[in-house]
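Residue numbers (the numbering used here), protein chains in the order written: chain A, 1 to 321; chain B, 1 to 321.
Treat the hints with care, since some could be wrong.
One copy or any two copies: either way a pair holds, since identical chains are not told apart in the list.
Said to hold, decoys possible - Only pairs whose alpha carbons sit at most 30 Å apart, straight line, appear in this in silico DSSO-like list of lysine-lysine: (1) K252 with K296; (2) K296 with K43; (3) K296 with K274; (4) K274 with K43; (5) K252 with K103; (6) K254 with K10; (7) K296 with K21; (8) K41 with K296; (9) K274 with K67; (10) K296 with K254; (11) K202 with K103; (12) K296 with K18.
Read the hints as simulated data drawn from the structure, not as lab findings. All values reported here derive from a predicted model rather than from experimental measurement.
Protein chains: 2
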Amino acid sequence: MEELIRYFDKKDNVSLGKLLKEVENQTPLSYDILKYSSSRKGKAHIIGITGPPGSGKSTLVGKLCNKLAAQGLMIGVVCVDPTSPYTKGALLGDRIRMQGIAKLPNVFIKSLATRGNLGGLAASTADIVQVLDAYDKDVILIETVGVGQIEFDVLEVSDTVLLVNVPGLGDSLQTLKAGIMEIADIYVINQADRPGADESVKDLNLMVRESGKTDWSPPILKTVATQEEGIEELINQIYTHRSYLQNSGLWKEKRQTRNITRLNSMIQSLLSQKVDDHINTEESLQQKIEDVRNGKRDPYTISHDIVNSLVANKNTYQYGG
Amino acid sequence: MEELIRYFDKKDNVSLGKLLKEVENQTPLSYDILKYSSSRKGKAHIIGITGPPGSGKSTLVGKLCNKLAAQGLMIGVVCVDPTSPYTKGALLGDRIRMQGIAKLPNVFIKSLATRGNLGGLAASTADIVQVLDAYDKDVILIETVGVGQIEFDVLEVSDTVLLVNVPGLGDSLQTLKAGIMEIADIYVINQADRPGADESVKDLNLMVRESGKTDWSPPILKTVATQEEGIEELINQIYTHRSYLQNSGLWKEKRQTRNITRLNSMIQSLLSQKVDDHINTEESLQQKIEDVRNGKRDPYTISHDIVNSLVANKNTYQYGG
Numbered sequence: 001m002e003e004l005i006r007y008f009d010k011k012d013n014v015s016l017g018k019l020l021k022e023v024e025n026q027t028p029l030s031y032d033i034l035k036y037s038s039s040r041k042g043k044a045h046i047i048g049i050t051g052p053p054g055s056g057k058s059t060l061v062g063k064l065c066n067k068l069a070a071q072g073l074m075i076g077v078v079c080v081d082p083t084s085p086y087t088k089g090a091l092l093g094d095r096i097r098m099q100g101i102a103k104l105p106n107v108f109i110k111s112l113a114t115r116g117n118l119g120g121l122a123a124s125t126a127d128i129v130q131v132l133d134a135y136d137k138d139v140i141l142i143e144t145v146g147v148g149q150i151e152f153d154v155l156e157v158s159d160t161v162l163l164v165n166v167p168g169l170g171d172s173l174q175t176l177k178a179g180i181m182e183i184a185d186i187y188v189i190n191q192a193d194r195p196g197a198d199e200s201v202k203d204l205n206l207m208v209r210e211s212g213k214t215d216w217s218p219p220i221l222k223t224v225a226t227q228e229e230g231i232e233e234l235i236n237q238i239y240t241h242r243s244y245l246q247n248s249g250l251w252k253e254k255r256q257t258r259n260i261t262r263l264n265s266m267i268q269s270l271l272s273q274k275v276d277d278h279i280n281t282e283e284s285l286q287q288k289i290e291d292v293r294n295g296k297r298d299p300y301t302i303s304h305d306i307v308n309s310l311v312a313n314k315n316t317y318q319y320g321g
Numbered sequence: 001m002e003e004l005i006r007y008f009d010k011k012d013n014v015s016l017g018k019l020l021k022e023v024e025n026q027t028p029l030s031y032d033i034l035k036y037s038s039s040r041k042g043k044a045h046i047i048g049i050t051g052p053p054g055s056g057k058s059t060l061v062g063k064l065c066n067k068l069a070a071q072g073l074m075i076g077v078v079c080v081d082p083t084s085p086y087t088k089g090a091l092l093g094d095r096i097r098m099q100g101i102a103k104l105p106n107v108f109i110k111s112l113a114t115r116g117n118l119g120g121l122a123a124s125t126a127d128i129v130q131v132l133d134a135y136d137k138d139v140i141l142i143e144t145v146g147v148g149q150i151e152f153d154v155l156e157v158s159d160t161v162l163l164v165n166v167p168g169l170g171d172s173l174q175t176l177k178a179g180i181m182e183i184a185d186i187y188v189i190n191q192a193d194r195p196g197a198d199e200s201v202k203d204l205n206l207m208v209r210e211s212g213k214t215d216w217s218p219p220i221l222k223t224v225a226t227q228e229e230g231i232e233e234l235i236n237q238i239y240t241h242r243s244y245l246q247n248s249g250l251w252k253e254k255r256q257t258r259n260i261t262r263l264n265s266m267i268q269s270l271l272s273q274k275v276d277d278h279i280n281t282e283e284s285l286q287q288k289i290e291d292v293r294n295g296k297r298d299p300y301t302i303s304h305d306i307v308n309s310l311v312a313n314k315n316t317y318q319y320g321g
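Turn these sequences into a full structure, and let the hints guide you.
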């Protein structure tokens with residue numbers, strides 16, 4: 001544990017990379033890393049960036065990094081790629097690295113890919129972000145590809161969500177509506193030098209007004225990331241949103257909610273371990289489960305049997321309190 | 001319970017509708033309905049149909065229903081709409097009803113919408129499908145909009161998955177790859193009278209061959225649902241896939257896996273109930289949770305406290321076996 005704290009105190013990218021590797025691979029050490037970082041987090045502004053493939057998210061993230069780094073901020077970038085092994089394109093992290101920002105000493109980039117296991121991705125992202133936060137990053141950028149539910153889960157860690165689109169939303173507007181639309185805090189029309197940019201802004205404006213968000217009305221910005229156009233204004237709006245969160249109490253509230261979310265997921269994972277252990281030591285249950293598998297018994301009755309045999313009666317609690 | 005069995009024996013659409021309503025609303029009766037139907041399911045061929053908005057899924061489902069109904073089969077249709085309340089378009093179920101198939105006596109249509117709660121949708125779908133299966137349906141068609149992870153979960157109930165697209169996949173091919181692609185058993189290029197149909201077939205062919213599926217090589221079919229073109233061939237391929245599942249043992253295996261999935265989700269839901277009850281009766285835990293929320297204690301330690309105080313030691317099990 002002391003060695004661990006030394007790693008945290010070093011504040012260099014090599015130590016950070018080692019800590020994140022432990023967490024990503026869920027080594028025995030990762031438990032201590034998470035426990036320790038949990039007490040030191042809460043300062044970073046966490047910004048989620050999402051949008052369909054080809055909208056220029058990586059370029060935008062690169063330019064944001066450059067500007068924020070020039071302001072002297074410590075920046076962490078987490079690239080979450082929830083795509084299957086079928087995708088042969090470059091990983092998001094690679095695309096961002098190509099922008100040259102990896103050379104900046106105050107920027108740290110971490111790639112996360114699923115390789116088929118979507119389930120754990122949101123949890124991994126939350127863990128990585130927590131460690132970066134505890135490692136004194138001022139800003140953490142999470143870039144993720146827009147493929148549905150998993151994206152929601154990943155973005156739940158964010159304070160500020162940017163939704164990046166390109167002009168001529170057209171058909172995809174319907175899909176957007178169906179999913180990610182309502183979680184965006186700032187809309188970005190990137191590649192705004194292409195035709196149809198103003199129309200897209202108008203479409204989005206209408207949708208934002210219809211959605212009837214009250215306290216925060218998401219701004220709609222035009223950028224041309226490749227030309228660094230609109231990046232300053234985007235950063236201004238990100239800061240405005242941060243102030244809004246802090247003044248409204250949402251900043252604190254979001255952090256509190258995340259603590260409880262983490263507690264619940266830990267409880268769930270500990271309980272399923274207990275269930276596994278329990279079943280492994282009770283042969284009669286193994287037979288019952290086999291019967292459920294073969295349709296000889298119903299899962300409704302047997303689930304009660306298992307849970308009741310695992311959880312003792314109220315008055316037999318051993319360590320309550 | 002006897003009245004319930006009478007409802008099951010009636011085999012009319014009104015009784016079925018009432019049973020499904022109970023299950024959908026998770027009334028106290030739903031537990032008995034699920035328990036009873038669990039012992040009578042396993043016969044129906046469950047077919048999932050997915051694809052992007054505008055690909056003509058509803059029309060295709062309508063035509064499939066017509067043909068299958070004409071063969072004298074009993075058909076259940078479940079329309080799952082995992083879109084947010086922002087979407088103002090017609091519900092999937094309404095669009096299918098427009099096709100006039102609701103008038104057929106051997107077709108039963110059930111719509112499921114989320115209204116914001118994505119989490120429970122997959123579970124609801126599985127429940128509804130189970131009751132339809134127990135209600136002697138020969139074929140159950142599940143139509144769902146393609147919006148990511150939730151779609152995976154919904155389609156997990158299916159024996160045969162149809163992925164519907166339109167000619168000129170172009171950019172969306174990348175998104176497809178990233179998600180739903182590998183779970184399709186049959187690819188359909190609908191609106192195949194539009195330009196680019198053959199090219200799309202070629203693209204898909206290449207992708208299928210690259211993916212290296214072994215036992216079952218997913219066929220790629222062209223349809224024009226509005227003109228009823230290609231529907232016969234599609235049904236033939238659906239039957240071929242069914243034979244494949246039955247001969248390979250996958251038919252049985254899928255049903256067994258679903259039984260275990262259901263058992264696991266029941267165990268999980270019973271345990272979270274136990275956790276809630278436990279916390280409600282232990283004031284000291286409530287204080288600890290409050291401390292986690294405020295960042296005064298870490299969720300890692302407290303989750304262990306909660307789980308250990310809930311689950312007694314091995315040697316104190318009360319009903320094991």
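inquiry  = One pair to classify: K296 and K274, alpha carbons no more than 30 Å apart. Within, between, both, or neither?
reply    = both (25 Å within a copy, 27 Å between copies)
request  = Could you figure out if K296 and K18 sit no more than 30 Å apart (CA to CA) within one copy, between two copies, both or neither?
outcome  = between (50 Å within a copy, 27 Å between copies)
task = Classify it for me, K254 with K10: is the Cα-Cα distance of at most 30 Å met within a copy, between copies, both or neither?
result = This pair counts as within: shortest intra-copy Cα distance 29 Å, inter-copy 52 Å.
message = Treating 30 Å as the Cα threshold, decide for K252 and K103: within, between, both or neither.
response = For K252 and K103, the Cα distance exceeds 30 Å both inside one copy (33 Å) and across copies (55 Å).
message = Treating 30 Å as the Cα threshold, decide for K296 and K254: within, between, both or neither.
response = Answer is between; shortest inter-copy Cα gap is 16 Å, intra-copy 47 Å.
key: Within, between, both or neither, where K274 and K67 count as close if Cα-Cα is 30 Å or less   = neither (49 Å within a copy, 50 Å between copies)
task = Up to 30 Å between alpha-carbons, please classify K41 paired with K296: within, between, both or neither.
result = Answer is between: at 12 Å across copies they meet the 30 Å cutoff, but 51 Å inside does not.
Identical-chain pair category, K296 with K43, by Cα at 30 Å = Classified as between: cross-chain Cα gap 15 Å, same-chain 55 Å, threshold 30 Å.
inquiry  = At most 30 Å between alpha carbons: which applies to K274 and K43, within, between, both or neither?
reply    = For K274 and K43, neither the intra-copy (35 Å) nor the inter-copy (35 Å) Cα distance is at most 30 Å.
ask   = Under a CA distance limit of 30 Å, which applies to K252 and K296: within one copy, between copies, both, or neither?
value = between (51 Å within a copy, 14 Å between copies)
ask   = 30 Å Cα cut-off: does K202 pair with K103 within a copy, between copies, both or neither?
value = neither (39 Å within a copy, 43 Å between copies)
task = With 30 Å as the alpha-carbon cut-off, assign the pair K296 and K21 to within, between, both or neither.
result = between (45 Å within a copy, 27 Å between copies)
Consistency with the previously given hints fails for numbers 4, 5, 9, 11, ordered from lowest to highest.
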